[in-house]
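Residue numbers (the working numbering), protein chains in the order written: chain X, 146 to 299; chain W, 146 to 299; chain Y, 146 to 299.
Because the hints were derived from the structure by calculation, they are not lab data. Everything hinted at is true.
Derived, one-sided and incomplete: chain X residues facing chain W with beta-carbon distance under 8 Å:
hint, residue
1, 248
2, 249
3, 281
Computed beta-carbon distance windows for the label pairs:
hint, chain 1, residue 1, chain 2, residue 2, range
4, Y, 285, W, 161, 27 to 37 Å
5, Y, 163, W, 157, 27 to 37 Å
6, W, 190, Y, 155, 48 to 58 Å
7, Y, 229, W, 226, 30 to 40 Å
8, W, 155, Y, 205, 46 to 56 Å
9, Y, 226, X, 178, 18 to 28 Å
10, X, 178, W, 231, 23 to 33 Å
11, Y, 205, X, 198, 15 to 25 Å
These numbers were taken from a predicted model, which means no experiment stands behind them. Idealized CB from N, CA, C, for every residue including glycine.
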Amino acid sequence: MTADVMARLADLGVELPKVTPPVAAYVPALRSGDIVYVSGQLPMVDGALLATGLVGSDVSAEDAKALARRCALNALAAVSTVADLADVEQVIKVVGFVASAPGFTGQPGVINGASEFLGEVFGEAGRHARSAVGVAALPLGAPVEVEFMFRVRG
Amino acid sequence: MTADVMARLADLGVELPKVTPPVAAYVPALRSGDIVYVSGQLPMVDGALLATGLVGSDVSAEDAKALARRCALNALAAVSTVADLADVEQVIKVVGFVASAPGFTGQPGVINGASEFLGEVFGEAGRHARSAVGVAALPLGAPVEVEFMFRVRG
Amino acid sequence: MTADVMARLADLGVELPKVTPPVAAYVPALRSGDIVYVSGQLPMVDGALLATGLVGSDVSAEDAKALARRCALNALAAVSTVADLADVEQVIKVVGFVASAPGFTGQPGVINGASEFLGEVFGEAGRHARSAVGVAALPLGAPVEVEFMFRVRG
Chain X
146 MTADVMARLA DLGVELPKVT PPVAAYVPAL RSGDIVYVSG QLPMVDGALL
196 ATGLVGSDVS AEDAKALARR CALNALAAVS TVADLADVEQ VIKVVGFVAS
246 APGFTGQPGV INGASEFLGE VFGEAGRHAR SAVGVAALPL GAPVEVEFMF
296 RVRG
Chain W
146 MTADVMARLA DLGVELPKVT PPVAAYVPAL RSGDIVYVSG QLPMVDGALL
196 ATGLVGSDVS AEDAKALARR CALNALAAVS TVADLADVEQ VIKVVGFVAS
246 APGFTGQPGV INGASEFLGE VFGEAGRHAR SAVGVAALPL GAPVEVEFMF
296 RVRG
Chain Y
146 MTADVMARLA DLGVELPKVT PPVAAYVPAL RSGDIVYVSG QLPMVDGALL
196 ATGLVGSDVS AEDAKALARR CALNALAAVS TVADLADVEQ VIKVVGFVAS
246 APGFTGQPGV INGASEFLGE VFGEAGRHAR SAVGVAALPL GAPVEVEFMF
296 RVRG
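Only chain X is shown next, with the shape it has when bound in the complex (with noise of 0.2 Å):
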């Protein structure tokens, strides 16, 4: 099963990324029972962010889309640091940030990059709670961060 979310990101063109090791006292993903607590993922490609500015001036809602699909993708490689993704037995629950210019309200667009992705990825499983919200800063100047709880096989 591992090999078939593998197959499925192959079939998405897509890679799992090496795990950016998080600049402080925290971990990218910790597991308590058979929950899976992701931290903050930047749409970060090889430790460099791929965009900077706010969501509505220097960015387009579209772009923004694709960044939110990158932070769900991080997500599912700081998963594998704590659990075989193939145990991965249900997506809980994702919240998306969006630094987002005086006035952008399409928070939720840009967050489906990664509710999307994670349909494409587990199917119904994939299918989650959520919570979009436009914010005034992000680190390193990000346009989106988003974290993800996840639910595992024993």
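Position chains W and Y relative to chain X; hints supplied.
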């Protein structure tokens, strides 16, 4: 006991609304074991926001408190999609996001609209942990968004 | 082991504060099974904020880091209202909200004040999943608010 919750809502002069289906790849509420995670709720009635704008300029704190109450009512409707309201044992946690004009710092008073409503409906079982923060913008221009966790019986 | 946590706090030159009762229909911390959910903590001492304003303009990142540390200390006091600190098995998750001046993107460094303190007190068990975001405003004008999840023994 569902009867009790419904009767309590009737006492409070409110009716359980229909659930507005999310506009994305997520669900209004997800149950995992004995926990129900409710997606961020907006102050919607019949699919339309009751108000838009920033609290502290466009929307008064008092009006925003009523909007937060509506978010909590909508949350009960969301819970009812995955569990019987009679089976709610405890409200566990509330996170309230208030779209805040510069300098507005009355977020706790606004989110009390949700917290007090849960107290009215569930009594002691309605007491919960909570965070309230002021954000730059919310989906569709909503002044308030509130997410919830409930514990339900077996 | 409570003795140990208390001794560790003494080593660190800090004392467990009294809990400021929330000003609303919620509780400082709620225990559900083996999880303790701590409400968003402000950098309060004896019921008064240590500072107010936005980080990056009114408050320096370094001062804000000290405020985040205070939030974590206050969180331990909150935990002690529902569980023995000796029974803390693991810090699970931290979410840090930083009231951020436009362009301030150093939220992780600020919230390290909380994360590092938890590492000092709990060692390996203090490592946690984390999100840090920059928000428009926080209750009472606080520069920092931090919420926490802990796992405790049976």
